[in-house]
Amino acid sequence: MIKDMTLGQYYPVDSQIHRLDPRTKFIVIFVYILAIFFLKEPYQYALLFVGVFGVVRLSKVPLSYILRGLKPILFILLFAFVMNLFLTPGERLWGFWKFNITKEGLRLALLMMARLFLLIMGSSLLTLTTSPIKLTYALESIFSPFAKIGFPVHEMSMMMGIALRFIPTLTAETDKIMKAQMARGADFESGNIFKRARALVPILVPLFLSSIQRAMELADAMEARCYHGGEGRTRFHELRYETRDYIALTVFVLFFGSLLCLPKII
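Note that my numbering has the sequence shown beginning at 6, numbered continuously upward.
Hints may be right or wrong, so weigh each one.
Claimed, not checked - Cut-off 35 Å, straight-line C-alpha distance, at most; resulting in silico cross-link-like pairs (DSBU-like, lysine-lysine): (1) K139 <-> K184; (2) K139 <-> K65; (3) K184 <-> K200; (4) K153 <-> K76; (5) K76 <-> K65.
Hints in this document: simulated from the structure, not taken from any laboratory.
In this text the structure is predicted, and so the values were computed from the model without any measurement.
Take the sequences, apply the hints, and build the full model.
Written out as structure tokens, the structure reads:
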């Protein structure tokens with residue numbers, strides 16, 4: 006299951022979405038997340054699903070690869086669905102013992118599942134279509150006005166970029182440690198959820214030590230290259246908005262605006 010995680014990974018292909026400025030993607034994702042929580046009607050979510058799958062096609066990232074990233078959090082999705090389904094009061098549809106499924110609960114459970122699914126899809130598309138270094142540059146550019154009031158914009162962006170960069174590395178390291186433990190007789194598959202969680206404890210110590218070692222190696226490498234922060238640093242590739250970025254922003258804002266205005270029109 007660990008190897009199925011796609012968050013933080015970059016899928017290197019040449020597509021229209023990959024070529025967009027990373028700042029454009031951040032703005033779109035911000036509006037996208039706001040739109041998800043403002044939508045109320047099922048047909049609005051259906052249209053948003055169509056739009057997301059259209060972006061997936063344009064990104065040339067296989068849909069199966071993105072959906073694979075849902076496996077590690079499938080339990081959370083099902084838990085949220087069940088809790089909303091049985092604990093929401095309203096018009097009773099079906100029930101047994103002390104548990105009742107209501108019309109309002111079914112509606113809320115489906116909408117919550119759709120929201121979580123769309124949030125994960127959008128976040129995955131951002132990292133899959135943007136390299137960690139470009140994400141770092143975009144964050145630094147977006148938050149650059151705060152540098153005038155003493156906020157450490159460069160350091161914050163660098164830390165977030167490093168964190169995203171090492172997610173796939175730590176995922177691979179975890180998978181390697183789990184296989185080594187399984188070769189020594191460890192069992193991570195049988196038993197209830199509590200036994201499985203307890204079985205993961207021996208993995209945490211070597212993973213923690215490995216993370217510290219990698220952090221120390223990275224610090225030594227940065228010190229050897231005389232790293233002293235963002236002051237006076239230049240870049241080989243500067244971020245520039247192009248025509249496709251303005252077109253993408255216009256299309257996405259019109260799309261989200263139309264979704265939010267649909268209930269008033271209908």
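*Tell me, in ascending order, the numbers of any earlier hints that this structure violates.*
Of the numbered hints, just 4 does not hold.
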